[in-house]
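Going down the list, the sequences are from chains Z, H, A and R. When you line the first sequence up against this note's numbering, it's residues 1 to 487, in that order. When you line the second sequence up against this note's numbering, it's residues 1 to 631, in that order. When you line the third sequence up against this note's numbering, it's residues 1 to 103, in that order. When you line the fourth sequence up against this note's numbering, it's residues 1 to 455, in that order.
I should point out that these hints are in silico values taken from the structure, not numbers from a laboratory. Please note that a few of the clues may not be correct.
[Said to hold, decoys possible] DEER-style ranges, computed between Cβ atoms:
#1 R/K25 - A/E100: 30 to 36 Å
#2 Z/L15 - R/S423: 52 to 58 Å
#3 H/V538 - Z/V449: 50 to 56 Å
#4 R/F15 - Z/E193: 50 to 56 Å
We put the beta carbon where it would ideally sit given N, CA and C, even for glycine.
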Amino acid sequence: MDFPLLTVIVFLPLLGAAVVALLGNARAVAGRVVAATVAVVDLALVAWLASRFDVDGGMQFVEKLTWVPQVGITYHLAIDGMSLAMVALSALLTVLAIVASWKTEKNPALWFSMLLLLEVGMNGVFVAMDFVLFYVFWELVLVPMYFLIATWGGPRRQYAAVKFFLYTLFGSVFMLVGIIALYLQTGTFNILEMAGAGLDPKFQWWVFAAFFLGFAVKVPVFPLHTWLPDAHVEAPTAASVLLAGVLLKMGSYGFLRISLPILPDAAAEWSTFIAALAAISIVYGAAVAFAQTDMKKLVAYSSVSHMGFVMLGIASMTPEGLNGAVAVMFSHGVVTGMLFFLVGMVYDRTHTRMIAEVSGLSSQVPVAGGLLAFASFASLGLPGLSGFVGEFLSLVGAWASDIPVGWVVLSAIGVLLAAAYMLWLVQRVVLGSPSAAVSGIADLSAREVAVLLPLVALTLIVGLYWDSLLRFTDPAVRSILAMMGGA
Amino acid sequence: MDWVTLIPLLPALAFVVLAPLSRAARAKLVPLAVAAVLGSLGLSIAAFLAVWPGGHGEVWQASVTIAHIGDRAITLGLALEPMSAIMLTVVTVVGACVQVYSLGYMHREDRIGWYYAVLSLFTAAMLALVLSDNFLGLFMAWEVMGLCSYLLIGFWHEQEAPRLASIKAFLTTKVGDLGFMLALAVVYAEAGAFDFATVLHHDWTAGTATLVALLMLFAAMGKSAQFPLHVWLPDAMAGPTPASALIHAATMVAAGVFLVVRAFPIFEASGIALTITLWVGLITALLAGLLAMVQHDIKKVLAYSTISQLGFMFIALGAGSSTAALYHLVTHAYFKSLLFLGAGVIIHAAHTQDMRQMGGLAKKLPVTSLAFASGSLALAGIVPFSGFWSKDEILAVLLHEHQYVAFAIALLAAFVTAFYVARLWFRVFTAPTQQEDLHEGHRSMLVPMVVLAVITAVIGFFGPTLGDFLGHEIPWPALGTAAISTVAALGGITLGWYVYGRRTSVVNTQALKQRFPHAYGVLANKYYFDLTYGYFVVGGYTTLARALATFDARVVDGVVNGVAAAWRSLSAAGWTFDGRIVDGAVNGAASAVRAAGDKVRTLQTGSVRSYQTLIAGAVVLLVVWILVKGA
Amino acid sequence: MTVGLPHVLTLAALLFGIGLYGALSRKNAVHVMMSLELMANAVNLNLVGFSRFVTPEAMTGQFFAVFSMVVSAAEIGLGLALVIAIYRRKRSVELDAVQELKG
Amino acid sequence: MSELLLLTPELLVLFGALLALFADKITGHPRAAAHIAAPLSVVAALVAALIGTRGGIFAGMLALDNVSVFARVAIALLLAFWLHWVSGRGTGGERSAEAVALAMLSAVGGMLMASARDLIVLFISLELSTMPAYVLMGYRRGDARGLEGALKYFLLSMLTSLIMLYGLSFAYGISGSTAYADLGAVDAGTLGQLAIAFVLVGLFAKLSAAPFHYWTPDAYAGAPASSVAYVSTVPKIAGVVALVQLVAAFAGNGGTITVVLLVGSLLSMLVGNLAAYPQTDLRRLMAYSGVAHSGYILLAAAAGSAGGTAAVFYAVAYAVPSMAIMLLGSEEGTALDDLAGLAARRPAIAWASVVWLLSLIGIPPMVGFFGKLTMFTAALDHGLVWIVAVAVTMSVVSAGYYFKVLRSVFFGERLDARRATRSTPAVIAYAALTVVTLALGVLASPVLEFFGLRF
């Protein structure tokens, strides 16, 4: 590949972040414009890459250079269908986050440079094919997110930010031990070369355990999820969108890219345990969401429940299940992104996130009310919208796999519980007569609607024509399963 | 023949056009929605005629692959064949009547635009369901209809009752939908695809067939409001009456029956599923009928009547004849929607839904009474009207299958049906008038009713032609069964006249209550279903959720924070390996109290001498260890 | 009996022990430094002993002892300077007076 | 004469130290010493790097192998950064010339120690690098707390170095020679193991590893932050090299050595990370952080030759950011509240401090992560799985107290936002330290290639 497209996609925002930071708060307006252009250019590059992406070509746009030969570390970027879906999601959500937070007053230069730095980490994780490079981007994401939450967050932002950082760091250091153990066994840090390395099962089991800790914290899987509600409630809107939209997917992506292909026997052994945890996460997340009084916390717990489906799909290790997992990852990013944007917009107007204090949006602000209802229905998995695709395929895949039937039925009940808490939210917030906080607020501005429109469009496109997404993910999933020896 | 795709597409386009507009703009574009449904009606009739002459199979089929997964492809498609042709006509006729009728009924409503938008989306979804050539497409249309029913029931969402009714409806049907989703998973695992052709020709073992059949039956029970998932339909009456007419009488609730008809080969392969369906139908038909007897709200009576009639269709299915069920579905769609539209006019006139305040409407509303009479007689099963023929066919099938017990129960249910129809008729139309300014409905409301009344009267005669059109012979009713069912019907009516209709007796609303106080109590409380569900299912779940939430906030989070807090106190304590035993090495356990907190700090006593002793102690330990190791 | 390597080593060890005890038990900084010096000389004795008995022809041990003496001389000079500076500030050389920094 | 030329870097620094003593008097400019010394030590570092010859000199008393050359260059460079900062900021007292001279002398000791291959040279260079440090701790006139710290440092390290000397004497006695090469046999008998143990005691005290770390918190708390910046970093690098060389020399069956190292490592990690939490003064916090990091280094040292190289690399990876933080502390005041609101006043330095702190936690792409990666690889290769698990958990725990610093820098409120005076040399020093922290992580391979370090 002559033109290092992937390197540009990953590191362009880094350049952007530096420029915006140097421009400083004095010239914040210019900084904002630079940030927006950089993000849009990055999205354009991803789109251009997608257009030239050969669906059945496996790993493409490969860039491989020796980085630290003494220790066997290579600078290896590559992209396949699954990574492309995630990079596209990350690039799109960053552009929308920048546009949505166009009017931040507090320290805008730092705000926009942090967003761009976050994008570097996010894009990097999904295209890094060398463990150390993967780990560098994995940790790099923590720093900007810590500052986004700690500086612009809500009342308990310090606690939430540090908790977020330490939680993920704790998981990731064990992942590091796993990476080193793999290096010692296979002599290289390169993920692709390790796939199908046929390591002995006992060793695989321990390395899988180390990776599980690192990834499960990020997904999050019950009981390692308690950082998520705090982080979401305290994080500013744009940070919540990126946190829910992309950061959670790094965990499940890790399972798909690393744990499954490299440790197939251990994955088979662990699959029932993961399926059990997934089912519990689904039902537990849905039940706790049902009892929440704060809109953002409700959406946060709904993320726990949705990511449960991802883990169910992964645990099934069938083509349908894995495609379902990636579909939920993508659609959850889009739908929950919409939900968080809308909750943020409502919060900007009513200055409260308490469900009890907000009602009758549809009559006072029909556009916001309508979109919130639309996002809620997408989130509860209404067929025809993207939420349904992933969850349905995960269930179908889980049924066809050797996961005990009980867990699959429990997960299916999760779909009903999702309908319960989502409708209960719509019932109290969107419908009914306008409450004191709601009466008199203005409807969404053109900019805000512009932020939401692409997400609405994506929900419908993926919802109706599944192959718009699965065309990319299915070949990638098939190659992962092939690497696992069709386990 | 590709214009068939226009049939569901036209109303869908109407929705897409209407939905994003502002309230005022939508109101102006209402005629567009009506035009769309009329267009679909025209096309449906054309499609019907294209299939009409012979019962030969698929006339037209088109599908699109929406996903490739592994080596399999998932497709969605539409197919025109006899069964869908019939259903097309039913849905579009009733849909058109309802939409025209709503012009008058809803004209004072300022959110009429949104009403028509959702109605169009619903019609599109129902048409898609009917035309769909695979179970996945059927399921997707099924769920979208659930959404429309939620939006329509909760149309007046400012009030509390419609809001609660709508969420109740959606969630109860969603319980059923879980069954459907799992059924799809099993079907995909077994047959590797969703379309009818592959799935139905797959040789099902009895076990898996039963599993799939029961799951689909569970879904059908949810959608068609059969016992025990019937609780949502009576409350759904909180929505606008024309909407109830379309959704909760003719189309959506029939979707459950339609699903079973589509998947009938699987039911037949399983055997047990058929008997269960039969008994579900019997129980629902009888018990719902009894409930209808004690309702005072006219729409509630019709709602329970719908549940009961759907029970009859399940009986037909259980008895092994899907054609009889389909036939009853068609006739029921017409006369029940007619009755609902009639009820709408009555409510408009009497400004109340409570029958106890009505009376003497026959004189004041002549056209409505006539149309309502045609519908009531059909419902009661009196001979020339359509209800008689289809109900008789079901009884005939029961006899033919030697299901004598079932036959008896069905007959009793028919008797009860006739009774509550009579009760309603005499209460509303012939009882002494209690209100003065009763006026006839607007012309746009009466025309659709008349159309439906005519169809209800006439359609009965087309039974046999419908039979050979579908390929299963529907014989003219044997004299014996016809006689028995007419006797039952007339018996119910005379009893109804005796209790409610006689001029002499003052309208005795408490008639049934005194005679059977205890039974009346049970019926009044709708067999305590709502109470049990409300208390156990909803109440239980909310308390569980609240408990889990506190558990999550306090325990799981606490555990994690606890570990962190313990670590902080431990770290302040400074787990140390203190040479001087007297001072006591600090217990390293995480439960070190903060008082012992900064042990490390106190260890740094600042005195050089203590440091030297510590160092010397450490060296001595080292030496001892080496000597011991060496020896 | 002739004085062999073991005798030298035991003597050196004894001296080292005494010095160590002295360093631990004395309160006065100067006394502590004197005991430290004693330990230094014990080591020198050790070195010279080894040089005499283990490598009589190469004088490495003795070089080591000479260097060690030079180094401890320098250290004691520096130590005393510190003690004097503290005495000038605190009017006392007791080690217990020097306990301000802790925690 | 020719072999002496190989020692030009040390000679340059020595000459610089002597010059510095009198520079103030000659030129009259208060911080002339640092101005002269700084470029000198940069030249010294360059010369050390450029000398290609490897192998023993002075009949095996010293040796220049890849690791030692790397350490000598690192010491010289760090000294240069420190001097640059001092030339910009001064050391708070009027006797900064003496501080410069003392630091340079200690650096010479360190550089010699790094290439020592003989017990006598080791002992002398160890003492040469430690003694100036005593004075550096307490040289500020009229500062009782500084003197107290210095005295404690003096007494305790004299005690431990005498124990080490005792060990060395036995090592010489048993092996019959003072060269590292012949120390292989020492490990055999119990007496030999005792000797090794005593030697390790001295080295542990040098690296302020538990349980011989007691002098560190008090000495750092009393001393001026600029001295702590030097003492807590540069001598440690030399100490680590000596430890690694000795561990290799005493190879033997490695039984005692590995156990002692691992116990020391475990204790240091636990004590260092636990005690650092409640601290509110930067100097004490960094003292305990030093203890914790020497825990990681001991772990690496116990992991064979690959581990040794990784330990030396990590010593530099630890030294660079720690020196930067301590220099910042000496500018802004070492209590955490003094640092409050720094981000508002000096955003550039605040963000640089983020880089330093994250490197100490081990977050990529900083050098700290890369050091830990190579160390843990070596340790895991030796099957020390459980200790690595503890080390890994400890580095997460360490994030806790490093974030306390970060939190006060970024989110602390400070009323009197006095602007620190601008000084270009200081800024150059900070910039250089930050660049090394970042670059050595990402661009490590050219450096490793140049010095031929293998892991």
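Going through the hints against the structure:
Separated by about 34 Å at the C-beta atoms, R/K25 and A/E100 satisfy the suggested range of 30 to 36 Å. With their beta carbons about 30 Å apart, Z/L15 and R/S423 fall outside the hinted range of 52 to 58 Å. A C-beta distance of roughly 36 Å is found between H/V538 and Z/V449, which places it outside the suggested range of 50 to 56 Å. Here the CB-CB span from R/F15 to Z/E193 is close to 53 Å, well matched to the stated 50 to 56 Å.
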